[in-house]
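With the hints as a guide, bring the two chains together.
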Amino acid sequence: MIAILLIPVITAIICFALKNHKLISYMSLIGVIILAVFSVPIITSSVSSPIISLNSILYMDALSGYIMALVILLSLASGGYSIGYIEHELKIGLIDITGVRRYYALFHLFIFTMLLVVVTNNLTVMWIAIEATTIVSALLIGLGFTKRPMAIEAAWKYIILCTVGITFALLGIFITYYASTAVLGTGGALNWTTLKSIASRLNPATMKLAFIFVLLGYGTKAGLAPVHNWLPDAHSEAPSPISALLSGILLNTAFYGIIRFVSIVEPSTGSNFTGNLLILFGLVSMGISSIFILVQENYKRLLAYSSIEHMGIISLGIGIGGVIGIYGALLHILNHAISKSLMFFSSGRIQAHYGSTKIENITGVLSSMPLLGTLTFIGALSLAGTPPFNIFLSEFTILKAGVDKGLWVVVGLFLLFAVIVFYGMLSVFVKMLFGVRNAEYDNQKIVKAHYTGSDIFSYTIMVIMAICIISLGLTVPDFIDGTIRECINVLGVR
Amino acid sequence: MKNWIQAFSVIDFISVGILLAAVAMTALRRIESCVRAYTLNSWLLSLLIGIVAFMIGETHLYIAAAVTLLSKGIAIPIFLRRIVRQMKITHDVEPYISNALSLTISGILVAVVYASLKEGIFVAGFSKNVLQISIAVILIGLFIMITRRKAIIQVIGLLFMENGLFLAGFSLTFGMPAIIELGILFDMLMGVIILGMFIIQIRRAFASADLDKLTVLKG
Numbered sequence: 001m002i003a004i005l006l007i008p009v010i011t012a013i014i015c016f017a018l019k020n021h022k023l024i025s026y027m028s029l030i031g032v033i034i035l036a037v038f039s040v041p042i043i044t045s046s047v048s049s050p051i052i053s054l055n056s057i058l059y060m061d062a063l064s065g066y067i068m069a070l071v072i073l074l075s076l077a078s079g080g081y082s083i084g085y086i087e088h089e090l091k092i093g094l095i096d097i098t099g100v101r102r103y104y105a106l107f108h109l110f111i112f113t114m115l116l117v118v119v120t121n122n123l124t125v126m127w128i129a130i131e132a133t134t135i136v137s138a139l140l141i142g143l144g145f146t147k148r149p150m151a152i153e154a155a156w157k158y159i160i161l162c163t164v165g166i167t168f169a170l171l172g173i174f175i176t177y178y179a180s181t182a183v184l185g186t187g188g189a190l191n192w193t194t195l196k197s198i199a200s201r202l203n204p205a206t207m208k209l210a211f212i213f214v215l216l217g218y219g220t221k222a223g224l225a226p227v228h229n230w231l232p233d234a235h236s237e238a239p240s241p242i243s244a245l246l247s248g249i250l251l252n253t254a255f256y257g258i259i260r261f262v263s264i265v266e267p268s269t270g271s272n273f274t275g276n277l278l279i280l281f282g283l284v285s286m287g288i289s290s291i292f293i294l295v296q297e298n299y300k301r302l303l304a305y306s307s308i309e310h311m312g313i314i315s316l317g318i319g320i321g322g323v324i325g326i327y328g329a330l331l332h333i334l335n336h337a338i339s340k341s342l343m344f345f346s347s348g349r350i351q352a353h354y355g356s357t358k359i360e361n362i363t364g365v366l367s368s369m370p371l372l373g374t375l376t377f378i379g380a381l382s383l384a385g386t387p388p389f390n391i392f393l394s395e396f397t398i399l400k401a402g403v404d405k406g407l408w409v410v411v412g413l414f415l416l417f418a419v420i421v422f423y424g425m426l427s428v429f430v431k432m433l434f435g436v437r438n439a440e441y442d443n444q445k446i447v448k449a450h451y452t453g454s455d456i457f458s459y460t461i462m463v464i465m466a467i468c469i470i471s472l473g474l475t476v477p478d479f480i481d482g483t484i485r486e487c488i489n490v491l492g493v494r
Numbered sequence: 001m002k003n004w005i006q007a008f009s010v011i012d013f014i015s016v017g018i019l020l021a022a023v024a025m026t027a028l029r030r031i032e033s034c035v036r037a038y039t040l041n042s043w044l045l046s047l048l049i050g051i052v053a054f055m056i057g058e059t060h061l062y063i064a065a066a067v068t069l070l071s072k073g074i075a076i077p078i079f080l081r082r083i084v085r086q087m088k089i090t091h092d093v094e095p096y097i098s099n100a101l102s103l104t105i106s107g108i109l110v111a112v113v114y115a116s117l118k119e120g121i122f123v124a125g126f127s128k129n130v131l132q133i134s135i136a137v138i139l140i141g142l143f144i145m146i147t148r149r150k151a152i153i154q155v156i157g158l159l160f161m162e163n164g165l166f167l168a169g170f171s172l173t174f175g176m177p178a179i180i181e182l183g184i185l186f187d188m189l190m191g192v193i194i195l196g197m198f199i200i201q202i203r204r205a206f207a208s209a210d211l212d213k214l215t216v217l218k219g
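Listed in order, the protein sequences are those of chains A and B.
Note that the numbering used here numbers the first sequence so that position 450 is 450, with each residue one more than the last.
Note that the numbering used here numbers the second sequence so that position 58 is 58, with each residue one more than the last.
For reference, chain B alone in the conformation it holds in the complex (with noise of 0.2 Å):
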């Protein structure tokens, strides 16, 4: 099993996944399917956690890619898609720019990755490309957070950001001990929370969960 694992080099199909799913992200239209790519991210990342600590026979690595899946993989996509039900707008994601012209830059950002991290940090892991393919989802977390209009859709870039960041950390320190794994992912999840408790407070007050209208504060 394990030399299967190598001879079809399967942790690079599967963090190709992972920014497959982003990429995808940058061109989806309804706000549910966003939710279902962050969670099929998740979900990548979680099995990319749980093959490597096969490979590698550790234990804290199981336990992380368990906690990974139950806190990433099942329980922000309820609490999402819950906010998704109760916000009961448009569910278009309404982008500032074009899908094509999305999908363009962030096809510009991988490639600007590839070739400035070429020469700087090598893991000397399994694979080379997960830590490239790690800032990449960062960097097109942060772009659609840029470019998207409804707040739900910030936060998810957000998720998005943080995926790629765990993945990036996984990457470069092979998994950190678990009890700072556990304190990253509650701090995580809290504020996933309260960023939803606050969605639903701005549609109550602004009739709406659109940021433009959060324009108020200036200069």
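Pulled out of the complex, with its shape left as it was, chain A reads as follows (with noise of 0.2 Å):
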């Protein structure tokens, strides 16, 4: 477990340490093809039964195998994807070669930090990690900083917004800290595992202030409305690949913290308690970003408030809860990370293209680059939730859940804002993919000149990517089935 967290600082170090872009870019892809295979045997394993080491820090279980294995997929796919984007912004000179090194070192960095998040045992540590998450992924958005100054106002957002925030998370921590001394006399515990076994014995009422503290800190990196605010600045305004992976992953490895918080909980103050601030919080989340969404101008905001919604949803999915609400929700994580990392990978590509992330400028994306075109579809039409795909499928079990408990009034909320986004998404992408070509911003020639061999290793990963989006859409594989169901099981929901 120690070599899965020592890879990406080494490969950090060594891309850091290189000079030349090519080998750089070849080093990083290599560091992450290391850390998936090195990853698939632990991952396995930890899906069978948990395993701790190093004194009881780190511990994984079926939960953070299931997490680390999208934390490494996406890796893997943004990594590769990422030798494209750089060379691109390399050519056109919106980076240096500083710039590319510093690029790929917090690469693995933000990878490293992320993998820290799922693999600790100890709260404190996740919290520490989860913090460290955001210092690395500010410099990441901010990277290209003379030349943006709209990324250093992202980046300037996102530090401070959830830095404030996740400072109350720790203060939730430190309350579970003393909320423990009463139960077990001396010392107190941050351990997951003993804080586990005491749950049901801890004082409710401390432990309700915890969790609101808790679930406010980790919602402001979780992407919870009303404490978004940062969330739509960055995610447009980094890189892509980063993009991919804010929405993708990070976004989850802050809900894996709540998750995680909901079951040492919920023993003791009733899951009342949990699930319903949980609802709430996640049709907050649903409607406003609905709104937003349908008065979007900006493509890229666009999908990062389309994240926010289906952070909304996955919110629904475990405040709902029971065994199916849950089930539904971890599935919607793995299917909101394919589906929207896809989509970010095609966006830089359109925003290469057409020099412009104004939804009005682009027209016609379908017949000047078909394939491009077709797998944006794919990407829009699997987020838009329609029938098919992959989220149609998790969606329509978190309704069932929903539906099983007789919550109507969620289920009416959770269907309008669903729909009204089904527009908003949809109205959007037929519009930038269909039609005309637009003369003005669609620079044919120049990307007929270098249609090079990480271009079409960008656009391999992005096929299998939408491979698995129709496929997951048909039918949920049994090692994923039986990997969700096993995370159900180490939750303790019934």
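These aren't lab readings, by the way, just hints derived from the structure by calculation.
Errors might be hidden in some of the hints.
Covered by chain A, per the in silico footprint, the following chain B stretches (three or more residues, Cβ under 8 Å) [claimed, not checked]:
#	segment
1	138-152
2	162-170
3	189-195
4	198-205
Note that the structure is predicted; figures quoted are calculated from it, not measured.
Even glycine gets a Cβ: it sits at the ideal position worked out from N, Cα and C.
Below, the structure written as structure tokens:
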């Protein structure tokens, strides 16, 4: 397990030390591939039985394994996509060689911090890791700062809002520790496993207070409304591969913290308290994002608001609870991660082609770039929740959990917001994809000129992701199904 | 000596000093004085931890006190002062609201915390006031962040929040394991350094470090 944490750090150091940009990008790719290879046996064994190591600071069970698999899959995709993206940025002069070195070094440090979030057993170490993700990714967002003043603004908002938010989460963790001292006598506990075993004896009033602080803190990081304000800025200003990482896995690692906390708090306070709060946050997130999706002028911001919507859906799934609700939420985490990062990858391509992120400047992507257009269309349909695709399946599962529990108001609002988002997403992307080409912004020649190896490589990655989207919509493979069931088992949900 | 500490309620005095440093911060006009208020706040915090360490004779609390003094009391203030010097612009705080109103609001915040935590968590420690004071310091820090225009004052507000958080954590847990405290401090130090880098970048890109300029991204 320690090897997995060390690989990204070593890769980061090597990437920073090298001076040739080709060499750096291949080194980075090799780094993520080695990471993926090493992680397979650990993830599979963690699913069947929890692993504890390093004086019980590190701990992995099925849930950590599941999120870790997600982190590694997306870093693999994003690492591959980065090569072409950064090559393009270098060519048009948005970044220099120092920037490239910094980009790849930070990229791997970012992966390291996210891996640390999922493998630790200690609530405070998890907090430290989540705060570290903020610091590293803020640097990644503001990377090309001098040339993109907006990116500085986004990074500043991001780091300030998230640090303030997460400060409250630490207060919540301190309160949890205080609650555990009342049960354990001296010492108290911060280890998740220990807290889980005494969870039903913790003082409910204290734990309620702790949960509110933690939900607020990690909720800021997970992009739940009304504490989401940093998210659209950060996602739209970051380089596209980083937007994909932020949206696809960073939000989920923060949400992972909330899920862990729910399972500690629930036994003492009862599931109504945590459930209602999560449902409330979920519905508010869906509502706010659906309105902003309708009025959006920038397609990367649109995708960012769609992330808020999907985090709301996940929160709703966890809040509704029960085996089906949690199953739907965990499946939704996977589906959203794949679809959203595909969309960010393709929007990065569109941005590179048209040189604009304004929706009105872009028409006829399908006729000028058929493959990219098709991929974008698949991603957009999936994100909007159209039936044969993966996100429909998990949304439907969460909806079913709500109907089973008889939460008709929640189900009604869910459907209303989902319909608004469906309209908002598709009307924008249909306009962008179909229609006549916009001659002013369509640089056909430039694209033809460098259809290089790295471009083909990124397209391969995107095609594989699109295939995943379609096949996950048809059926949930047995190994994913088994992992999610094991996660539910670990969380102790009946 | 131990009796003496208890008889004169030294811990209460120090924690009130921490609160007063935060309240004073809301009324200060110059950025340098704000940095000084923060330095005083951090020194008092580390002194408080040191005295509690002396009273219960815990080695790891001595370490925590020393580390707090080194990072929050010395390293961060020096760094902040360097940034202030580099800015080379007006050194006035320029708050959005008047000082009198700021002071009143921070007084109200303290009163609200005392009123609402009366029957909340009671910490069986040396002083009943430490938790209330720490929450009040967190809220005042947040208040400073909301109502000030300069980027660097936002950072100082954040640092006040974190001092309050440290105090709260200390009163609730009597000191976390040393390694965790070090981790939190390290995170904070990195955060401040990176915020400092961004302040310089903001100044370079917008020709001033007022946050009024950062209003392009909306909706």
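Going down the list of hints, with the structure as the test:
1. 138-152: holds (count 4)
2. 162-170: Our answer is that it holds, as 4 residues pass the Cβ test (under 8 Å) against chain A, meeting three.
3. 189-195: holds (count 4)
4. 198-205: Result for this restraint: holds, n = 5.
Checked against the numbered hints given earlier, the structure satisfies every one of them.
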